[in-house]
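Mind docking chain Z on chain R? Use the hints.
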Amino acid sequence: MDDLLREFLTESAEHLDTVDAELVRFEQDPNNQTILRNIFRLVHTIKGTCGFLGLPRLEALAHAAETLMGQFRDGMPVTGPAVSLILVTLDRLKAILGDLEATGTEPTGSDDDLIDALDLMASTPIAAPTPVADIKLPDPVVRELKPGEVSLDDLERAFMEAEGPDPFDAPVAAPAIVEPVQEAPAAPEPRHSPPGPVPAKAAEAPATSEGEGGISKVQTIRVNVDTLEHLMTMVSELVLTRNQLLEIARQHDDSTYKVPLQRLSHVTAELQEGVMKTRMQPIGNAWQKLPRVVRDLSSELGKQIELIMSGAETELDRQVLEVIKDPLTHMVRNSADHGIESSADRKAAGKPVRGTIRLSAYHEGGTITIEIADDGKGLDLAAIRRKAVERNIASQADLDRMTDAQVAKFIFHPGFSTAAAITSVSGRGVGMDVVKTNIELIGGVIDINTQLGRGTTFTIKIPLTLAIIAALIVKAGAQRFAVPQVAVLELVRVDKATAQKVERINGSPVLRLRERLLPIVTLTGVLGQEQAADAVDSGFVVVAQVGRQRFGILVDEVFHTEEIVVKPMSSKLRHLPLFAGNTILGDGAVVLIVDPNGIAQQVSQGSQAGGVPVEAEVEETEAADAKATLLVFKGGKGSYKAVPLSLVTRLEEIESAKIEWVGGRPLIQYRGRLMPLVPADPSIEIRSSGTQALVVFSDGERAMGLVVDEIVDIVEERLDVEISADRSDLIGSAVLRGRATEIINIAHFLPLAYDDWARGPKKADKRSSTLLLVDDSAFFREMLSPVLKAAGYNVITAASADEAVACLLSNGRIDVVVCDLEMPGRNGFDLVGAMRKVEGRVAGLPVIGLSGTIGADAIERARTLGIADLVAKFDRSGLISALAELDVASLAVAA
Amino acid sequence: MMQAANSNATETGGTHDFVTVFVGETMFGLAIGRVHDVFIPAGVTPVPLAPPEIVGLLNLRGRVVTALCLRRRLSMGPRTEDGAQMAIGLEQGGETFALIVDGVGEVLKLGADTHEPVPINLDARWRDLTLGVHRLDGRLLVILDVDALLAFGANHRTAGAA
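In order, the protein sequence lines correspond to chains R and Z.
Residue numbering for the first sequence is 68 to 962, as defined by the working numbering.
Residue numbering for the second sequence is 2 to 163, as defined by the working numbering.
In isolation and in its complexed conformation, chain R is listed as follows:
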């Protein structure tokens, strides 16, 4: 095959891919002349080159397609069938090109069927040339549409299609339009750049450059992939050799080497970066075919599906790109086929008829994360469990122990398909296991998050295992490890003798770092190795950040940073989440690369040897809990007052002139409603001029504005509240930032705004139940009792588990227990455990748990103890609704 032909094949394949994607866009946005011109030009180029190379069959087909597109350009309405026909033609072109590539000659065969159809379509008389096509508005300022907004294009189109003075206009344009308004999120994209959608644009860069004039033509050349690969290997070797040289230089203190070595080091680094760059490609290249895939599927399955892609410019190594290309396509197909329900089902479920598949990619802490989210029906976990048993993949006993997330992962099992019917698209049970294998092959992980009726999100994380990275070489125990530099924020030396020392909470090491507590793990600890008891006390803390999680990894020694070539872990070791790979250091030793993501998981699971996981977590949250965030304001005679920030809905400054007085009460119009204003202190005067500071509290639909003199600050401090008994508007006082501050009792003010707020609208139809509130903190008891009383409960309080048990045994009228789960000594779980052992009525009492943080462990424990609900500590309305639910449940039992 001659070079000219080979060049033509590569180019045409790229052009056709672009045309594919562009056409789908064009179908949705038929008035976009830019897209049409681009398509037209590409097809024309193919046709022209075919003629030049003497490929009559290709030429004839391309010509027929071009003719039809020419009609579009001249104003023929763009219809679904017409676009489908062109797409089929493109497929035929690709098939012929494929044969051409394999055999070197154009295959024999006839394309008359397609050409006739194209000609027929093209010769259909143009009933009414749409004037729409000629209107070209100046590009508006580009920005993302907010939900509910409609792009200018759609508005314009909707306007044009509206029945107007030209009666013949509307019926012609109508068939071309598919739900214009719902396309809004996708529509603005073409305006970013003339050639069209972002992914296509990126891929197009080399392809279209010829067309866009001579300027860029000389700036790109095609390079054989093998050449690049070879270059990359050589650079990797060079990096290793340089590292070896550096190592030697470190050992011999000979300064004559230093300067040239530094130069070598510098050049190598740049060379490496340059070569890496040539390998990087936007992920959009792998997505390019997807709009077409989704479009074809939509029509085949009779569903309406919209594909939204973001982050297409995210770059990744082309080798990685190649590997994930097919899995991604497969997963999008799966989402379209299994995930998104039929239009009828969606309508029945009260969802928008048009399903959405969202594809996004972004860099995150040295990995690339790709998400494929659909808003479809979610995985049917019950069906998966059934099938897993049927197929003998897992025993019923195993399944019972498994979490939903674990069950969902069965879809990656070979030969596992839950589709009721096998469609031509998917359901053959090949695929998801291949997807998983492919992704794991490059050291990636795949996760599923599914909600029945809401949709499924697949998250693929691909570590940059093929790259060269900067890593910190550390020593832990007897071994050296490499920690990727991207995850390292700083290094802190810790020593018993110095100010930076490791402290322990119930055995879990933590470090005070700039007024924050940093959880610490020892590297030897997470690696399951023996460690001396005092090993934690000295060494270096590598402060790492993964996602939003920040933690410290304690190591014995830190050596230096080194550029390392990441080699993937052996297939036998890939299951170890703590390692991202391995590398050979300058001195020839193999070291393991620690994966900060893996360590982060270990940190949050608290599974490090030495600490009892659950306790450690509770202790930590307690430490955090004691610190409350308070809003401090001035209220009345310059005194400082504070309210827990979590109760506050909003802070406002309003024009005093807007305050209205109705029946002697101040009100303002706030968000379309009347909101009563209540002074935080009787001595506060509502201003008549200037601005007035308000703290807005809301409960459901009601809102109240607390009038304060001045909002001072938000402070986070350990609270030591001295309870005041004599004033109902105050819970007590505390010292905040060195000032005596009164903590106000919001429950006192709410009834001042609405007479019935305190009594609660539901009170009348509810018999007065008795509630036992158990919380060690007087602050919370004081905070919650008025709220609970307001909701119609008789409230009894207890300050500890022991007190609660005594109370329960002596008072037979208690109907429900609300209990803080995190108390010193016997905690809430212990209390509930004790209750469940008591005979008689107490054992069966419903319990609602209050918790600062609700972790998976807590939920699991709560379930085993029969705790009806877990509510976050400050979530007042959550608590009330949980109680209301209990009432409903008990009524149902009674009935």
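Any given hint could be a false lead.
[Said to hold, decoys possible] DMTMM-like mimics (lysine to aspartate or glutamate), calculated; alpha carbons at most 25 Å apart, straight line:
no.: 1; chain 1: R; residue 1: Lys344; chain 2: R; residue 2: Glu389
no.: 2; chain 1: R; residue 1: Lys356; chain 2: R; residue 2: Asp393
no.: 3; chain 1: R; residue 1: Lys634; chain 2: Z; residue 2: Asp38
no.: 4; chain 1: R; residue 1: Lys704; chain 2: R; residue 2: Asp748
no.: 5; chain 1: R; residue 1: Lys634; chain 2: Z; residue 2: Asp148
no.: 6; chain 1: Z; residue 1: Lys110; chain 2: Z; residue 2: Asp129
no.: 7; chain 1: R; residue 1: Lys856; chain 2: R; residue 2: Asp748
no.: 8; chain 1: R; residue 1: Lys528; chain 2: Z; residue 2: Glu96
no.: 9; chain 1: R; residue 1: Lys634; chain 2: R; residue 2: Glu337
no.: 10; chain 1: R; residue 1: Lys563; chain 2: R; residue 2: Glu597
no.: 11; chain 1: R; residue 1: Lys392; chain 2: Z; residue 2: Glu96
no.: 12; chain 1: R; residue 1: Lys634; chain 2: R; residue 2: Asp514
no.: 13; chain 1: R; residue 1: Lys454; chain 2: R; residue 2: Asp514
no.: 14; chain 1: R; residue 1: Lys476; chain 2: R; residue 2: Asp465
no.: 15; chain 1: R; residue 1: Lys634; chain 2: Z; residue 2: Glu96
no.: 16; chain 1: R; residue 1: Lys161; chain 2: R; residue 2: Asp363
no.: 17; chain 1: R; residue 1: Lys634; chain 2: Z; residue 2: Glu92
no.: 18; chain 1: R; residue 1: Lys356; chain 2: R; residue 2: Asp166
Rather than coming from a laboratory, the hints here were simulated on the basis of the structure.
Just chain Z now, kept in the frame of chain R:
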């Protein structure tokens, strides 16, 4: 006897070459086609949390090689004698493994006539890893199934964890 075996083999036509290795007193044979290297393992980096069969990773001429202990793979007791161990370089699926053994012997050309199936009373773990036994002069040579030897660890574990 040895000669006899070999001459028989030439008559029947099929002979196979085996590299012999030792673990303790037992002699094992590995098909020579699978053996890429014989070297002295040095600078092995242990991998924490790895399956027990894996000794660690080592640098073999710029390649990272996973070292696998044949003794542990066969669930044999810990080594008692001292002395340098040897490693056999094996390849599977594009990856290189180093099989750590106590010693390496010679290369034997063996025919089908000395070949016996795996005795049925052999430990089940061994049965899965062996292809047969050759009766040699005064001792037995257990032929190891290289692919079976290398089929362990990750795949089984991840399946269990998922």
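Would you pick out the hints that fail for this structure and give their numbers low to high?
-> Nothing - there is no hint that the structure violates, so all of them hold.
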